[in-house]
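Trainee: Protein chains in written order, with numbering that gives the first Met the number 0: chain A, 0 to 428; chain B, 0 to 547; chain C, 0 to 427.
Check each hint, because a few of them may be wrong.
Said to hold, decoys possible - Computed far set for chain C versus chain B, every beta-carbon distance over 10 Å:
hint, residue
1, 111
2, 174
3, 218
4, 222
5, 250
6, 251
7, 268
8, 281
9, 292
10, 352
Said to hold, decoys possible - Going by beta-carbon spacing under 8 Å, a handful of chain A positions derived as facing chain B:
hint, residue
11, 89
12, 91
13, 93
14, 94
15, 97
16, 125
17, 129
18, 275
19, 299
20, 303
21, 305
22, 307
23, 309
24, 363
25, 366
26, 427
Please keep in mind that the hints were generated in silico from the structure rather than gathered at the bench.
A quick note: this is a predicted structure, and the numbers were derived from the prediction, not measured.
Positions of the beta carbon are idealized from the N, C-alpha and C atoms, including for glycine.
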Amino acid sequence: MSATAAPAVSAPAISPGAPVGWKVPATLSVLAVVALVVFGFLGSAQTAEFGISASGDAFALPALRVPGMATSIVLGVLMAGLAAWSVWLKLQGRRTPGWAGPVFAVMFVFSFLVWVVASARTPSISLAGLIAGAVTLAVPLVFGSLSGVLCERSGVVNIAIEGQLLGGAFTAAIVASVTRSPALGLVAAAVAGALVSMVLAVFSIRYLVNQIIVGVVLNVLVSGLTGFLFTTVMQEDPELFNSPGRLPILEIPVLSAIPILGPILFKQSVVGYLMYIAVAVVWLGLFKTRWGLRLRAVGEHPKAADTLGIRVNATRFWNVTLGGAIAGIGGSFFTLVAIDSFTKEISGGRGFIALAALIFGRWNPIGAFFAALLFGFADNLQAILTIIGTPVPSQFMAMMPYLVTVFAVAGLVGRSRPPAAEGIPYVKG
Amino acid sequence: MAHKENGGVVKLELQGISKAFGSFYANQDIDLTVEERQIHCLLGENGAGKSTLMNVLYGLYEPTSGRILVDGRPVRFAGPGDAMAAGIGMVHQHFMLVPVFTVAENVALGAEATRGAGLLDLDVTRTRIREISARYGFDVDPDALVEDLPVGVQQRVEIIKALVREAKVLILDEPTAVLTPQETDELLDIMRQLRASGTSIVFISHKLREVKAVSDVITVIRRGKVVGDAAPGASPSELAAMMVGRPVSLSLDKAPAAPGETTFEVTGLTVTAPNGTRAVDGLSFAIARGEILAVAGVQGNGQTELTEAILGLQEHVSGSVRLEGQELLGRSVKEVLRAGVGFVPEDRTVDGLVGPLSVAENLVLDLYDREPYARGIGMRPAEVRANASQRVEEFDIRTPSPEAAAGTLSGGNQQKVVMARALSRPLKLFIASQPTRGVDVGSVEFLHRRIVAERDGGTPVLIVSTELDEVLELADRIAVLYKGRLVGIVPAGTPRDVLGLMMAGVTPPKAETDAEAAAEHAAEAAAADAAQAEESPRPTRDSEGGTL
Amino acid sequence: MSQLDPSSSAPVEDSPATAQAPPPVPVAATTAAKTEGVSVLREIVAGSGLVSLLAVVAALVLGGLLIASTDRQVGRTLGYFLARPTDFFQALWTAGTSSYVALFQGAVFNPRQGFAPLLETLTVATPLICAGLGVALAFRAGLFNIGAQGQIIIGGTLAAYAGFAWHLPFGLHLLLVLVLGIVGGALWGGLVGYLKARTGAHEVILTIMFNYVALYLVDFLLNTSAFQRPGETNPISPRLDETAVFPSLTGSRLHLGFVVAIALTVAVWWILSRSTVGFEFRAVGANPSAARTAGVDVGRSTILVMALAGALAGAAGVAQVAGTEKVLTTGVAASYGFDAITVALLGRSSPWGTFAAGLLFGAFRAGAVQMQIQTGTPIDIVLVVQSLIVLFIAAPPLIRSLFGFGRRAKRRGPRARHAQGTTAGGAA
C-alpha cells in the first residue's frame with residue numbers, strides 16, 4: 000500500500016503475471032452476442048456498398064459490395080468463436096493473447112459498419128472519403144494529445160488542451176488576418192499555445208497550485224478572453240481582423256493519387272504534414288534521445304532525476320511550454336485549414352477528446368495518434384451516417400469517444416498506467 | 000571541477016554547517032572531516048539529522064550557514080550536479096531509481112552518452128556497467144527493468160551509478176535497512192573493497208554492530224549536533240549512550256510470558272500480489288493469550304501483506320484466520336476491528352493518521368460512528384473531546400491541545416496517538432507493525448512498555464518489525480519470514496546469527512517447520528490450558544470484549 | 000512545538016515513506032498523487048479571507064484594463080498620449096469603471112429599479128450555489144468533481160420530464176420534480192463514484208467524459224417524441240406544469256428555489272461538520288489509506304460523496320427547469336456546472352464560503368447582462384474575471400507579491416510553505 004514497500008522485493012516468482020481475470024472473456028462475450036444479434040439477426044439484408052476509389056485516383060478499384068445480414072452473421076459467429084476461446088482459456092487458467100483484442104475490435108467495427116450501412120436509406124458510402132475525413136478531423140486531436148503527452152510525461156497534468164487549441168485558433172486567425180500571411184498565423188498560434196502552457200507551468204510549478212484546477216480555470220480564461228476579443232475586436236472589423244485566408248493544400252504529384260492512402264498522406268495542408276512529423280519526432284525524441292530520457296525521468300521519479308543533477312522544474316517548464324506550442328499549431332487547423340475565420344468556442348470541446356485520446360493511447364505518441372484517428376473516424380462516420388440516413392441516432396455516435404475513454408480508464412480496454420509523478424509538484428526535500 | 004590530483008582521492012571537510020527548516024534546526028554547527036581512503040561513519044538515532052547533513056553535502060539542500068571544502072578549497076554546491084562534479088556520490092536510503100527504466104537508462108540518466116543530435120547511446124553505458132560489475136563481482140543485467148529487480152540488486156545499481164560518475168567520496172545512507180544480515184555482510188565487503196581502490200565512504204547508520212565492523216572513524220550526531228568522535232573499538236553501550244545522550248539499558252525489563260489458551264490461529268494464509276506472485280505463501284501459526292509473537296524478516300518479505308490480510312485490507316487472500324473461533328477472513332476492516340482487533344500500521348503518516356484532522360478526531364478514527372461518539376448519523380463532539388483529554392493524559396501525548404492537527408505532532412507523539420487509539424478499547428488481538436519506527440528513544444521505551452502491558456493483560460500480541468533488536472526485545476517467540484514463507488518459529492533466546500540465516504531463507508536444523516510448528520504449538524497450548532484450568536484462572540478481558 | 004524532538008519537523012530525515020520514495024506500483028503512485036492533490040486542496044480551504052478579497056480586486060482591475068484596452072476612446076487618447084496624458088488616463092478610468100458601474104447597477108442597485116436587480120442576482124445565484132456545494136463537498140472528500148455540468152443536465156432532464164409529462168396536484172408535483180431531479184443528479188454522480196471505487200479510474204477524466212455523454216443524451220431525448228414539444232423541430236420540451244414549478248418570490252423571477260439553496264447550504268454544513276458521513280468524507284479526503292486502515296469503507300464513501308455531490312448539482316438542475324427556465328433545452332446547464340467549480344474554489348470549499356461565492360458570481364452574471372446592454376462590453380468578461388479570481392486565490396504568494404505585503408513569506412517562497420504544509424499534513 001504505502002511507499003514503504005517501495006523497493007518491492009520481487010516476491011517468490013511462483014506464477015508470473017497477474018491472476019487471469021474474467022474481464023476480457025466477459026467483455027468479448029457480451030460484445031460478440033451484441034454483434035451477432037443486433038448487427039446480424041436484426042440487421043438489414045440489403046447489400047452494403049463501400050466505395051474505395053475516389054475520382055482523382057491513379058487507378059480505380061471496384062467498390063466493395065457485401066450482403067448486410069449475412070456478412071454480419073459470419074463476423075458475429077467468428078467473434079463469438081473468439082470469445083468462447085477466450086472463456087475456454089480462462090477456464091484453463093490461461094490468458095487471452097494480446098492479438099485477440101485488436102482482431103476482435105476490427106471485426107466488430109466492420110460488422111457495425113456493414114450493419115449500419117446496410118440499414119441506411121442509401122446503403123453506400125465511400126470508404127476513401129470516410130478515412131480521409133477521419134484523418135482531417137483527427138488533426139487537431141493529434142496535436143492536442145501530443146501536447147498532453149509532453150506535459151503529462153514530464154509530470155504535469157494538462158487539462159488545458161482545450162484552452163491551448165482555442166488560444167491557437169484565435170491567435171492564428173487574428174495574426175494571419177492582420178499580416179495577410181497564414182504562415183505567420185501558424186507561427187503565432189504556436190506562440191499562443193505556448194503562452195497558455197506557460198501559465199499552466201508557472202502556476203503548477205512555481206506556485207504549486209493544483210494542476211487540475213489550473214487546467215480547468217485556464218480553459219475558462221481562454222474561452223472568456225477569446226470570446227471577449229472576438230466581440231470587441233474581430234466583430235468590429237472582420238475584414239481586418241477575422242479573414243485569415245487558408246493554408247494551401249499541398250498535393251504531392253503521383254503519390255497523392257494512390258487510392259485511400261494518397262489523400263491522407265500526400266494531399267494535406269502544412270498543418271497536416273506537420274502532424275505526421277510531430278508524431279514521429281515526439282515518439283523518437285521521447286524514447287530514443289537524451290531529452291526524452293530526462294523528460295520521462297522527471298515525470299516518473301523527479302527526485303531521482305534531481306539527485307543526478309537534472310533540473311526537474313526547468314525540464315518540466317520547457318516541456319510543458321513546448322507541448323503548448325504543439326497544441327497551438329493544432330488550434331490553427333480550425334481557422335487556417337478547416338474554415339477561414341474564427342468564431343467563439345471554435346474548438347468545441349475537442350481538447351477534451353484529445354485528452355481522451357492521450358489516455359486511450361496510453362501516454363504514447365503513436366498510441367495517441369491512433370486513438371485520435373479512431374475518434375476522428377467516429378466523428379466523421381457520424382456526419383456521413385446522418386446523410387445516408389441510418390437507424391443509429393447521431394448523438395450516440397458522438398458519444399463514442401467519451402464512452403470509449405470511460406471504458407479505457409475503467410480498465411475494461413487494457414490497463415493504462417500514467418506517469419508515476421504526474422500531478423505532483425516537485426519540491427526539494 | 001573534478002579533483003583528480005592525489006591519485007584521484009579527495010579529502011572532504013564540512014565546517015560549521017547548519018541547516019534550518021523554518022525555526023527548526025536539523026543540523027547545527029556541524030564540523031566533519033572525511034579523510035582520504037577512509038570509511039567514516041555517521042552514527043545517530045532516527046531523526047538525528049544525518050540524512051539532512053548528507054543532503055547538504057550532496058547539494059540537495061543549501062546549508063543555512065557553514066561551508067564545504069574539497070581538498071582544502073571551499074566549494075558551493077548549487078545542486079547534486081556540482082557535488083557529482085566534485086567527486087561526491089550518494090546512495091540514498093530510498094533508492095533514486097526510476098522503476099520503469101532499465102538499469103542502463105537509470106545509470107545513464109543525467110550523464111548520457113549520445114551519438115550526436117541528442118540520440119542516446121546506451122551501449123557505452125552497458126559496457127561501463129559490465130566493467131564495474133566485473134570488478135566488484137556484481138551480477139547486474141544492464142537491460143533489466145529496475146522494478147523487476149530485488150532490493151539488493153537495486154542497491155548495487157545505485158552504487159554503479161555513483162562509480163560510473165567516478166565518485167571519490169561515496170555517501171551510503173542507511174544502506175543496510177533493506178538487507179538481510181548476510182547481504183549486509185556482503186555490502187560491508189564491497190565497502191572495504193571500494194576503500195582499497197581509493198574511494199572514501201561516508202556510512203550513515205544507527206546500527207552499532209555494522210558501524211563497529213567497518214568504520215575507520217565514527218562521528219556521533221544527536222539532535223542535529225556533533226556529540227563527538229569515537230573509535231571503532233568503543234563498546235556498544237558507550238556508543239549507544241553517546242547516541243542517545245544518556246545511559247540506556249539496551250534491554251527491556253519484562254516478565255516471562257504466561258501464555259494462556261490459544262485464541263488466534265492462522266492457517267495456510269496466502270496473499271496473491273497484483274503481479275501474480277505470492278506475497279504471503281501458506282503461513283500457519285498461532286498465538287496464545289498473554290504471548291507476544293514477533294515476526295522478523297527483511298523489509299518486503301510479506302510482513303505488510305500478512306498484517307493487512309488479517310485486518311481485511313488485502314485482496315486475493317486465501318486460507319483461514321480465526322480469532323476465538325470466529326473466521327476473520329472475508330470480513331470488512333470495520334468488522335475485524337469491531338471483533339476486537341487492535342491495529343498499529345507500519346507507517347503512521349500513510350496508514351495511521353489523518354494529518355489535517357485533529358488529535359481528538361484521530362483518536363476516534365475507528366469508532367466515530369459508534370456510541371458514545373455518535374448517535375444515529377450525528378456526531379457528538381463533546382464525547383469526542385472528553386475521550387481525547389483522557390487518552391492524551393493516559394498516553395502522555397505531548398500536544399498543544401486535542402484540537403491540534405495530528406500531523407503537527409512529533410513522530411513519537413503521533414505514534415502514541417495511533418497506539419492510544421488501538422489500545423483504547425478491550426482487545427482480543429493486538430497487532431503492531433513497526434511499532435517504534437522513526438520514534439525517539441524516550442517514546443520507544445514507553446511504547447514497548449505499553450505493548451508488554453497489553454500482553455500481560457492477556458491479549459495475544461503480534462508484532463512485526465524489521466529491526467532485529469526490537470524483535471529480540473519484545474518477542475516471546477519469533478517467526479521469521481522470507482519471501483512470504485515462514486522459515487520457522489523459534490524461541491526468544493535464539494542467537495542473532497541463526498536468525499540472520501533464517502532471514503536469508505536458510506532453515507536451521509533446529510527450527511520447526513510450518514506444519515510442525517502449528518501442531519507442536521497447539522499441543523503446547525493445550526497443555527498450558529490444562530495447567531491453567533487447574534490453577535485459578537487468570538482474569539481475562541473477555542467479558543468486556545463482548546461489548547464490542 | 001517540541002524543538003527538541005528532531006523527528007517533529009524534519010520531513011526529510013529517515014521518514015520511511017515520503018512522496019518522493021520510488022512508487023513501486025501504480026496503486027502507490029495514485030495514492031501519492033491523491034495525497035498531494037489533497038494537501039493543495041487543504042491549502043485552498045485554509046487560506047485567509049484577505050487573500051480572497053485581494054484576489055477579487057486584482058481580477059477586477061485586470062478585467063477593467065482588458066475592457067479599457069479595447070475601448071475606442073482609450074485608443075484615440077493613446078494616440079496623443081505624450082501631448083496630454085491626462086486624457087488617456089481619464090479615458091482609461093471611464094472605460095474601466097463605466098462597465099463596472101453598469102454591472103453593479105444590473106446586479107445590485109440602480110436608481111430606476113432600486114434593489115430589484117438584487118433579486119435577479121439571487122435568481123442566477125441559486126443554481127450556482129447548489130452546484131457549487133456539490134463541487135465543494137466532493138473537494139472536501141478529496142475528489143475533483145468536474146462533472147456538475149452533466150449532473151445538472153441529467154437532474155434537470157428527469158425533473159423536467161416529471162414536470163411536463165405528469166399532471167399532479169400542487170405541492171406533490173413540485174416535490175416529485177425536486178426529488179427526481181436530485182435522484183437524477185445523484186445517479187449520474189454516483190455512477191462516477193462507483194466506477195472510481197470499483198476500478199480506480201480517475202474521477203476528473205470520468206466526470207469530463209460524463210458531461211459530454213449527458214449533453215448528447217439530453218440532445219437525443221429532446222429529439223424523441225417523449226420529450227420534444229409537439230409541433231417543434233428544435234430540441235425543446237413542453238413547458239412544465241404550473242403545479243411543477245417553484246412559486247415566485249416577491250413577484251420577480253426569484254423563486255422558492257433560492258430558499259432550497261439556503262436549506263442545502265445548511266444541510267451541507269451539517270453533513271460536513273456534525274455527521275458521521277461527513278467525518279468519513281473528511282478523513283477519506285485527507286488520507287484515504289489511514290481512513291481505510293481505521294475501518295472506513297473508502298469505496299462506499301467515494302460513491303456516497305459523489306452521489307451527494309451529484310444530488311446537489313441535480314438540485315441546481317431543478318432550480319433551472321422548475322424555477323428560472325420552466326422548460327428543458329440542451330442548454331439547461333448553461334455553464335453553471337463549470338462556474339460551480341470556480342464558485343467552490345472561491346468559497347474555499349466551505350458551505351457558507353460557497354454560498355457567498357455563489358452570490359458574488361451570481362451578481363457578475365446578472366450584472367453582465369445589463370453591462371452588455373449599457374456599455375456594449377461582452378458578457379465574456381465575466382469568465383475572464385472569474386477565472387482570474389480563482390487563479391489568484393490558488394496562488395497566495397502571487398497575490399502577496401502583487402500587493403507588496405508579506406514579503407518575508409514571499410522570499411521564503413512556496414517551498415518553505417510547502418515544507419510546512421507537508422509536515423503539517425504529515426501525509427504528503
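Trainee: Next step is simple, just say for each hint if it's right about the structure.
Mentor: Hint check results:
1. Even its closest Cβ contact with chain B, about 49 Å, leaves residue 111/C beyond 10 Å, as expected for a residue assigned away from the interface.
2. Non-interface call for residue 174/C relative to chain B: holds, since the shortest CB-CB distance, roughly 23 Å, exceeds 10 Å.
3. No beta-carbon of chain B is positioned within 10 Å of the beta-carbon of residue 218/C; the least distance is around 39 Å.
4. Remark: the non-interface label on residue 222/C is consistent with the geometry, its nearest Cβ contact in chain B lying 43 Å away (cut-off 10 Å).
5. Against the 10 Å criterion, residue 250/C stays outside the reach of chain B, whose nearest CB is about 39 Å from its own CB.
6. Here residue 251/C stays apart from chain B, with its beta-carbon at least about 37 Å from theirs, past the 10 Å limit.
7. Every CB of chain B lies more than 10 Å from the CB of residue 268/C, the least distance being 13 Å, so the non-interface label holds.
8. Distance to chain B contradicts residue 281/C as a non-interface residue, since its nearest Cβ pair spans about 7 Å, not more than 10 Å.
9. Residue placement check: residue 292/C does not keep its beta carbon more than 10 Å from all beta carbons of chain B (closest about 4 Å).
10. Every beta carbon of chain B lies more than 10 Å from that of residue 352/C, the smallest distance being close to 17 Å; the non-interface claim holds.
11. The interface hint given for residue 89/A is broken, as the beta carbon of that residue sits about 15 Å from the closest beta carbon of chain B, more than 8 Å.
12. Interface hint status for residue 91/A: violated, as the beta-carbon distance to the closest one in chain B is roughly 16 Å, over 8 Å.
13. Taking 8 Å as the C-beta cut-off, the interface hint given for residue 93/A is violated, the closest approach to chain B being about 13 Å.
14. Annotation: interface hint on residue 94/A violated; nearest CB of chain B at approximately 10 Å, more than 8 Å.
15. Because the closest C-beta pair between residue 97/A and chain B is about 16 Å apart, greater than 8 Å, the hint is violated.
16. The criterion of a C-beta within 8 Å of any C-beta in chain B is not met by residue 125/A, whose closest approach is roughly 42 Å, and the hint is violated.
17. Given hint, residue 129/A at the interface with chain B, is violated; its Cβ is 38 Å from that chain's nearest Cβ, farther than 8 Å.
18. Among the interface hints, the one on residue 275/A is violated; its C-beta lies about 20 Å from the nearest C-beta in chain B, farther than the 8 Å criterion.
19. Because the smallest distance between the Cβ of residue 299/A and any Cβ of chain B comes to about 5 Å, under 8 Å, the interface hint for this residue holds.
20. At a threshold of 8 Å, the smallest CB-CB gap from residue 303/A to chain B is about 4 Å, leaving the interface hint in force.
21. Hint status for residue 305/A relative to chain B: holds, with the closest Cβ pair at about 7 Å, below 8 Å.
22. Among the interface hints, the one on residue 307/A holds; its C-beta lies about 3 Å from the nearest C-beta in chain B, closer than the 8 Å criterion.
23. A hinted interface residue such as residue 309/A counts as satisfied when its beta carbon comes closer than 8 Å to some beta carbon of chain B; here the least separation is about 5 Å, so the hint holds.
24. A hinted interface residue such as residue 363/A counts as satisfied when its beta carbon comes closer than 8 Å to some beta carbon of chain B; here the least separation is about 13 Å, so the hint is violated.
25. The restraint placing residue 366/A at the interface with chain B is violated, with a minimum CB-CB distance near 16 Å, outside the 8 Å limit.
26. Residue-level restraint check for residue 427/A holds (minimum Cβ-Cβ distance to chain B is 6 Å; threshold 8 Å).
Comparing the model with each numbered hint stated earlier shows that hints 8, 9, 11, 12, 13, 14, 15, 16, 17, 18, 24, 25 do not hold.
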